[in-house]
Every structure is written in structure tokens, then in C-alpha cells.
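Numbering (UniProt numbering), first residue to last: 1 to 42.
Hints listed in this document are in silico derivations from the structure and should not be mistaken for laboratory results. Treat the hints with care, as some may be off.
Unchecked claim - Taking CB as the label site, the calculated pair distances span:
no., residue 1, residue 2, range
1, Lys23, Lys2, 30 to 36 Å
2, Glu13, Val40, 28 to 34 Å
3, Leu39, Lys16, 33 to 39 Å
4, Val32, Lys10, 28 to 34 Å
5, Val28, Asn8, 28 to 34 Å
6, Leu9, Arg31, 30 to 36 Å
7, Lys16, Leu37, 29 to 35 Å
To be verified - In silico DSS-like pairs for lysine-lysine, Cα to Cα no more than 25 Å straight-line:
no., residue 1, residue 2
8, Lys2, Lys15
9, Lys23, Lys10
10, Lys23, Lys2
Remember, predicted model here, so these are calculated numbers, not experimental data. The C-beta atom is built at its ideal place from N, Cα and C for all residues, glycine as well.
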Amino acid sequence: MKLQQDLNLKSMEEKKEIFMVIKVWMIVYQRVYDDRLLLVDT
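My request is simple: use the sequences and hints to build the entire structure.
Okay, structure coming up:
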């Protein structure tokens, strides 16, 4: 039973990490995209 809990906890941590990476990537992408729009405007 304990092993199952540990596995669940581990997968939760991994999901959190993946979510963080995606979040950061989205922010970076947004910035790059905005910069491109600015470059196009000028």
C-alpha cells in the first residue's frame, strides 16, 4: 500500500515539474512572439 502512495506522490511531482516547464516555455514563446510583432511593426 505504501509503495502505491509513493508512486502517486512521484507522479504528482513529475506532473508539477512538467507543468512548470510548459508554463515557462509558454511565457518565453509569448515574449518571442511579441518581439517579432514589434519588429514587423517598425
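Taking the hints in turn, this is what the structure says about them:
1. Lys23 - Lys2: 30 to 36 Å: For Lys23 and Lys2 the Cβ distance comes to about 31 Å; the hint holds.
2. Glu13 - Val40: 28 to 34 Å: Given range 28 to 34 Å: violated, Cβ gap about 41 Å.
3. Leu39 - Lys16: 33 to 39 Å: Taking Cβ atoms as reference, Leu39 and Lys16 lie about 35 Å apart, which means the hint holds.
4. Val32 - Lys10: 28 to 34 Å: Holds, at about 33 Å.
5. Val28 - Asn8: 28 to 34 Å: Holds: the Cβ-Cβ distance is about 31 Å, inside 28 to 34 Å.
6. Leu9 - Arg31: 30 to 36 Å: Given range 30 to 36 Å: holds, Cβ gap about 34 Å.
7. Lys16 - Leu37: 29 to 35 Å: Distance hint for Lys16, Leu37 holds at roughly 32 Å.
8. Lys2 - Lys15: With a Cα-Cα distance of about 20 Å, the restraint between Lys2 and Lys15 holds, given a limit of 25 Å.
9. Lys23 - Lys10: holds (20 Å)
10. Lys23 - Lys2: With a Cα-Cα distance of about 32 Å, the restraint between Lys23 and Lys2 is violated, given a limit of 25 Å.
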